[in-house]
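Undergrad: Work out the full structure: start from the sequences and follow the hints.
Residue numbers (my numbering), protein chains in the order written: chain A, 1 to 287; chain B, 1001 to 1319; chain C, 2001 to 2308.
Honestly, the hints are just simulated from the structure, not real lab data.
Certain hints may be false.
Said to hold, decoys possible - Beta-carbon label-pair distances, calculated as ranges: (1) 1218/B x 2092/C: 36 to 44 Å; (2) 1303/B x 10/A: 32 to 40 Å; (3) 1218/B x 22/A: 39 to 47 Å; (4) 1065/B x 22/A: 23 to 31 Å; (5) 213/A x 1065/B: 56 to 64 Å; (6) 10/A x 1025/B: 52 to 60 Å; (7) 41/A x 1055/B: 34 to 42 Å.
What the hints assert, rightly or not - Below 20 Å or equal to it, Euclidean Cα-Cα: the simulated DMTMM-like pairs (lysine to aspartate or glutamate) are: (8) 2063/C x 2088/C; (9) 2138/C x 2126/C; (10) 2138/C x 1086/B; (11) 2138/C x 1161/B; (12) 2138/C x 2218/C; (13) 46/A x 1161/B; (14) 2138/C x 1084/B.
All C-beta atoms, glycine included, are put in the ideal place defined by N, C-alpha and C.
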Amino acid sequence: MSSSTIHNLGYRRYDGVREGWTGAWQALVWQGFRSMFGLGRGLRAKAIPAFVIAMVLLPCLGTVVAVGASNGQQVIPYGLLIGSQLLLLALFTAAQVPEVLCRDRQHRVLPLLLTRALSPRQYALARLSAVWAAMWLVATVPLLVLYVGELAIATDPAARFAEIGPRLWPVLLCGTLTAWVIGSLAAMMASLTARRGYASMLVVGLFLAAAAVTTGADDLAAMPDVVREFLDPLRALRTMAMLLFGETTRAMEVNPPPPVMVFVLVFCGLGAVASLIAARRLERVDA
Amino acid sequence: MAAPLIDARALSRRFGTVMALDGFTVSIASGITGLVGANGAGKSTFIRILLGLVEPSSGEVSLLGQDVRRSADAIRALVGYMPEHDCLPPDMSGAEFTTFMGRLSGLPAHVARERSAEVLRHVGLFEERYRPIGTYSTGMAQRVKLAQALVHDPRVLILDEPTNGLDPAGREEMLGLIRRTGREFGLSVLLSSHLLGELERICDGIVQMDRGRLVRAESMDELTGETGDLLVEVDGDLPRFVTALRARVQGVAEVQVERQWVRVQMGDAPKSVNATERVHDAVRDAVVEADVGLLRMERRRARLDDLFRESTPATGAVS
Amino acid sequence: MNTTAVAPLAFVGVSHWYGDVVAVNDVSTVVEPGITGLLGPNGAGKSTLMQLAAGVQTPSSGKVLVFGESPFARPSVFARLGIVPEREALPATLSARTFVEARATLLGVPDVRTAAREVLAAVELDTVADRPVDGFSKGMRQRVKLAAAMVHGPDVLLLDEPFNGLDPRQRAHMMQLLEQQAAAGATILLSSHILEEIEGVASRMLVMVAGRLAASGDHRTLRRLMTDRPHTVRVRASDVRVLASALVALPDVLGVEITGTQLLVRTSDYAAFARQLARVAQQVSVSLQSVQPADESLEHVFRYLVAR
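TA: Structure, rendered in structure tokens:
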């Protein structure tokens, strides 16, 4: 005869392992990363991310197919394609970065987050990391699609690889710097307010203002070339991409841009400053 | 003597020209403690300092023996916080949110999930937990707030106006939950509230603050002890009853009528058991003689309400 | 007792719905001068009833009468009403005085300055009346709203959760203010979730449950009216068992529970039991130490009404 027991379903203590800030960090970054793509919320939240991802991937896929069909007569214009994506990426950040950076403040969840295993600084970095990681994916994957596509359609992959193998580095560099610059600038603007709607407008505003100012500045002969080059970050990113892949535009032939190294340094600095500003604002506890 | 739960010494915090806390010194024991004070008395500042959200300007405070400034991380793991304001993201489900909070406290993923499920059961959220928090009623939202405060197995709960916005039934349930948390779950609770009646019902002790300082810190028994007076309420011929009673207690007690109550004052001198019983029997017999109904007979207890009013002089427009 | 024609506030068969949701369902009652509490669980229709009383909307069916007239879109009736809604955003940059004066002007008060000054003094905000409202604490904001609602000396005051966020002293102060108004003849309808607050200040209660008026009156009387629920009385005595066995013999006693030194007696007729208790105790020579009705509080009455 088996014995009967009534189990105690009362409150239990937890004496096991606690992961400290690493577990908290992981959870926060992962949740932020998912928010960047609208995952974990309704269908509408995924609309813009899906749209942007489709709009950056499809031209790449299309190009690969077209080039494949042309039997190697045509070359994949990396630089051009990157240039066409930049605006979409900016749009992406305007829509999604506020979701990650503003929600905690808007819904006043912040005190709950900061009374746990993360310091305000760690919190800020975790949120920013989610933004950078998502941006890196969105900026780099289409380029990798081009790269891998090119190898795949080649009649002799091995030979093709010997030809374009080293192109991987510019691809990664472009993707990384694009994500760094656009992501950080968007973060800087979005961290200004707790309201998601305003934050989106501020991000769009920044990129539009930069474009508008550059158009006007083009006519100002007195402006040093270097400044003019970098006034609009999106245009500067495109120029760098062109340089890296050996493509040019008429504008570039008229006004030769500085070497790639300058671009890299300026972008690193720009992103760093923007990120710092964003981080300082996100660290503030009193919201 | 048991180590105090919270020990504050000359704790001060200045905001601009305002001293939110001014040499606040108190020793709070474990159990359920109520924190009362006028708006602006320094309660929120004190709580924020305990939670590590604000640095004190001077003085020190320790929680469970750990200094708040030096062991901030250790303390975070020991404290669960339920804020007064709305603090829940509307698009996450209750279960998701509680699990997320568990992870943010450093619990491994599967542990966070399990504890979240357990804790949600304890606070009484069942199928609702899978719906987005935006669809919750106030009562359900308050429960999620409590759940996220418990998920990481803290030793101390800090609750700020936990019954805010709840209707009477919801209030009852929340108070019951808090009492269970203190008594059955074995946590200590620091509960800030304006509703003295509620505090009287569940707290072991009260800490009263005013203008950044301690006014008093006493146990509930000390504060709401029985006074020497007996209050009687009868149904029927009141004057006849009073006459009969006066005749019986002459010399031992004073009989006064206040609206529909009869107060029997026995004076402050310590009473022998016999004297008290004599008075009780006098009431009983007077009731029989006057042929009235005995609706109520009890020792008048001091109420927190009285205390509060007498100790905080009108500060007028400032608060 | 006022007839519906001249009562300060009367509801005659009032129902109100939003689409499929019936917020108020056939409520008929008269609110007399003095302080009346409006209670009910969340979603019971209290706020809707208040809005109908304030003339913000006209009921889907039935009539709301303020001194015999409907308050909807009638400035003359509006002038006799003062409302403190639960959620009211105060314009942040205005000073308290400006806000109150603006309200006074809107309502056609003859001497706006004086009226504002007096009412601000009554709520003890006179020293800070010229500061912008966004710097005020919750308690001060409530007082501004109350001042604005009282500035035109209304006969009827409607207050929705007015004590929200106030500390005990502020609450006591506001209750005093309301009692003063009531003593001067005002009719005050006060809705709150916090029973301990209402108990102290309201002489009559209206209890709403799911849109219907479940009960009205004084809570003690209501309890006695609930004859289908036995009363529970807690008795402490020198010898509980002896007393218990004597009490069980009484015809109205339904049951006796002994816990330690205390008896919990359930009786179907509270008044009769009250008469018999002392007699029985005397007969068996037991000393009574305390007698307390265990479920007569507003809390209990409310719970019974809501659960029905």
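Undergrad: With reference to the structure, classify each hint as holding or not holding.
TA: Results of checking the hints against the structure:
1. Under the hint 36 to 44 Å, the C-beta atoms of residue 1218/B and residue 2092/C, about 41 Å apart, fit the expected range.
2. Restraint check, residue 1303/B to residue 10/A: a C-beta distance of roughly 34 Å satisfies the suggested window 32 to 40 Å.
3. Take residue 1218/B and residue 22/A: their Cβ atoms lie about 44 Å apart, and the range 39 to 47 Å holds.
4. Taking 23 to 31 Å as the suggested C-beta distance range, the pair residue 1065/B and residue 22/A conforms, at roughly 26 Å.
5. Range check, residue 213/A to residue 1065/B: about 59 Å between beta-carbon atoms, so the 56 to 64 Å window is met.
6. Between residue 10/A and residue 1025/B, the C-beta spacing of about 37 Å breaks the proposed range 52 to 60 Å.
7. For the pair residue 41/A and residue 1055/B, the beta carbons lie near 36 Å from each other, so the given range of 34 to 42 Å is met.
8. As the CA atoms of residue 2063/C and residue 2088/C are separated by approximately 26 Å, the hinted pair breaks the 20 Å bound.
9. Taking the CA atoms of residue 2138/C and residue 2126/C, the gap is near 17 Å; set against the 20 Å cutoff, the hint holds.
10. Proposed proximity of residue 2138/C and residue 1086/B is supported: the alpha carbons are some 16 Å apart, at most 20 Å.
11. With a C-alpha separation of about 14 Å, the suggested pair residue 2138/C and residue 1161/B falls inside the 20 Å cut-off, and the hint holds.
12. About 31 Å separates the Cα atoms of residue 2138/C and residue 2218/C, which puts this hinted pair outside 20 Å; it is violated.
13. A hinted pair counts as satisfied when its Cα atoms are at most 20 Å apart, and residue 46/A with residue 1161/B does not qualify at roughly 37 Å.
14. The suggested pairing of residue 2138/C with residue 1084/B holds, with an alpha-carbon distance near 13 Å, which does not exceed 20 Å.
This entry does not satisfy hints 6, 8, 12, 13, going by the numbered hints stated previously.
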